[in-house]
Amino acid sequence: MSGVRLLVGTRKGAFILTADGKRQQWDIAGPHFGGWEIYHLKGSPADPNRLYASQTSGWFGQILQRSNDAGKTWETVGNKFVYDGPTGQHLWYDGTPHPWEFKRVWHLEPSLKDPDTVYAGVEDAAMFRTTDGGQNWQELTGLRTHQSAGKWQPGAGGLCLHTILIDPSNPKRLFIAISAAGAFRSEDEGQSWRPINKGLKSNNEIPDPNAEVGHCVHRLAMHRSKPGVLFMQKHWDVMRSDDAGDSWREVSGNLPTDFGFVIDVHAHDPETIYVVPIKSDSEHYPPDGQLRVYRSRTGGEQWEALTNGLPQRDCYVNVLRDAMSVDALDKCGVYFGTTGGQVYASADGGDTWTAAALNLPPVLSVEAQTLP
Amino acid sequence: MIRVILPQHLRTLARVDGEVTVDVPGPPTLGGVLTALESTYPVLQGTMRDHVTLKRRPFVRFYACEQDLSHDPPDNPLPEPVASGAEPFLVVGAMAGG
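In the order they appear, the protein sequences are chains A and B.
For the record, in the first sequence the residue sitting at position 77 is 77 according to our numbering, with numbers rising by one throughout.
To convert, take the position in the second sequence, counting from 1, and add 1000; that gives our numbering.
Derived from the structure by calculation, the hints contain no laboratory data.
Just so you know, even glycine gets a beta-carbon here, dropped at the ideal spot from N, CA and C.
Treat the hints with care, as some may be off.
To be verified - Taking lysine-lysine pairs in the DSS-like style, the calculated list, with each CA pair at most 30 Å apart, reads: (1) LYS22/A / LYS12/A; (2) LYS80/A / LYS172/A; (3) LYS80/A / LYS1055/B; (4) LYS201/A / LYS226/A; (5) LYS22/A / LYS72/A; (6) LYS80/A / LYS151/A; (7) LYS103/A / LYS201/A; (8) LYS151/A / LYS172/A; (9) LYS12/A / LYS1055/B; (10) LYS22/A / LYS1055/B; (11) LYS151/A / LYS1055/B; (12) LYS198/A / LYS172/A.
Claimed, not checked - Here's a subset of chain B near chain A, in silico, CB distances under 8 Å, partners left out: (13) ILE1005; (14) HIS1009; (15) ARG1011; (16) SER1039; (17) VAL1043; (18) GLY1046; (19) VAL1052; (20) THR1053; (21) PHE1059; (22) VAL1060; (23) GLY1093; (24) ALA1094.
Work out the full structure: start from the sequences and follow the hints.
See below:
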């Protein structure tokens, strides 16, 4: 029987949750790498038992872990993330120049075809790639040396490259997002990049609200059948592009607040999308203490609250940007983790929810793997 | 032979229990011990000091003989009791919560 594996990164370790296709009973394994921050784990689409994990610590820096057996055992691989060439400067919070400094790996995106090739998005923002299973990492310098990079400025979480999407119809085309620089697209596997932020408005956040860069993009999402359609949860505003990022329009519609971090797309319907509205940029919890996922079946604008099984009073958790994922079963499973340590699962596209885990450390990331 | 006590998380990474020992060629120095540790346990590269600049990570400290050696130049000789093996060299994660 098919099943689902959830790779959950938390502030104090990694957990692997597994369930059969019913997705009602969850087995929790972990913590792996207890005491370390696990910003992200992800499996290779080409070999689902090949996992990669970003393990970091304020004390001891960055470690990369790899598993060849679905997380039963792990081995450390290369952790040398060195910017290639002069590091240059970006803007600091106060608008003064600040040198690039590597801090951690936020996001790992394995190649669609090769388990040994992985992209890594790091803080301070840059893109690295390994082609030998994580032993060696080379920077793709075209991003950090983009002519706009001197204007990039960190969001409250740091100057982080947190989203990497690979176009399944053309793996040379990549999309990435940086807080707070914006979204970028590459047509040559990351060698060169162009900002794709036309239509974003960041009033009261940057001097020119329509600037080419400087927007605090929290997350991008794409459906594999329509890689030219992108969805974005920005700091404020939920946005949509129908031309691979060349232009964007707001689709926040009737959301109770359009601030948030996560956004994802239904596995089988490219016009069904999910967000978790958060009250404001300083009040990082759901409005009215009610944890609600909002679903749009129209690619935005019209949204419905999904509440069945989610706490509807006194709930003040956040859902961080890498902490939502979907599986490919029928019906589509939707999952998200909270800063309160809960992982919620829906086996019916969001209609009903159950807690797959209730008492983990604060959740940083959730990735769903659909198992044969 | 230099005796070294690593913090728990680095022992886990290096897959060792308790105290470890490393050989340091010539008169043992702070930098020499770190190089020997990284050579013996490559997984520790980058965890105590920067890969390239070799600058100590801010929240890592080096103690020995009830002294804080964290700010000593890397080619400073280690105290004689450490060099002779009578006392261990301690790698410590700075005290902090979280």
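Now the hints, each set against the structure:
For the suggested pair LYS22/A and LYS12/A, the alpha carbons sit about 29 Å apart, so the restraint of at most 30 Å is met. Distance restraint check for LYS80/A and LYS172/A: the Cα-Cα separation of roughly 25 Å lies within the 30 Å cut-off, and the hinted pair is therefore satisfied. Annotation: proposed proximity of LYS80/A to LYS1055/B holds, straight-line Cα distance about 14 Å (limit 30 Å). For the hint pairing LYS201/A with LYS226/A, the CA-to-CA distance comes to about 25 Å; that is within 30 Å, so the pair holds.
Taking the CA atoms of LYS22/A and LYS72/A, the gap is near 23 Å; set against the 30 Å cutoff, the hint holds. Proximity of LYS80/A to LYS151/A is assessed by CA-CA distance (about 26 Å); at most 30 Å being required, the pair is judged to hold. Between LYS103/A and LYS201/A the alpha-carbon distance is near 29 Å, which keeps this suggested pair within the 30 Å criterion. For the proposed pair LYS151/A and LYS172/A, the alpha carbon gap of about 26 Å is at most 30 Å, so the pair holds.
Between LYS12/A and LYS1055/B the alpha-carbon distance is near 26 Å, which keeps this suggested pair within the 30 Å criterion. Distance restraint check for LYS22/A and LYS1055/B: the Cα-Cα separation of roughly 52 Å exceeds the 30 Å cut-off, and the hinted pair is therefore not satisfied. This hinted pair checks out: LYS151/A and LYS1055/B have alpha carbons roughly 28 Å apart, not beyond 30 Å. A distance of roughly 22 Å separates the Cα atoms of LYS198/A and LYS172/A; the hinted pair therefore holds under the 30 Å criterion.
Contact between ILE1005/B and chain A, as hinted, is not supported at the beta carbon level, the nearest pair being about 15 Å apart and thus beyond 8 Å. Evaluation of the HIS1009/B hint against chain A yields a held restraint, the C-beta minimum of about 6 Å falling below 8 Å. The interface hint given for ARG1011/B is broken, as the beta carbon of that residue sits about 11 Å from the closest beta carbon of chain A, more than 8 Å. A least Cβ separation of about 15 Å between SER1039/B and chain A goes past the 8 Å threshold, and the interface hint is therefore violated.
Using the Cβ-Cβ criterion of 8 Å, the hint placing VAL1043/B at the interface with chain A is satisfied: the shortest such distance is roughly 5 Å. A least Cβ separation of about 5 Å between GLY1046/B and chain A falls short of the 8 Å threshold, and the interface hint therefore holds. Because the smallest distance between the Cβ of VAL1052/B and any Cβ of chain A comes to about 6 Å, under 8 Å, the interface hint for this residue holds. Evaluation of the THR1053/B hint against chain A yields a violated restraint, the C-beta minimum of about 10 Å exceeding 8 Å.
For PHE1059/B, the interface hint holds, since its Cβ comes within 8 Å of a Cβ in chain A; the closest pair sits about 4 Å apart. Given the 8 Å rule on beta carbons, the hint for VAL1060/B holds: about 6 Å separates it from the nearest Cβ of chain A. This hint holds: GLY1093/B has a C-beta 4 Å from the nearest C-beta of chain A, less than the 8 Å allowed. Among the interface hints, the one on ALA1094/B holds; its C-beta lies about 7 Å from the nearest C-beta in chain A, closer than the 8 Å criterion.
When each numbered hint is compared with the structure, violations occur for hints 10, 13, 15, 16, 20.
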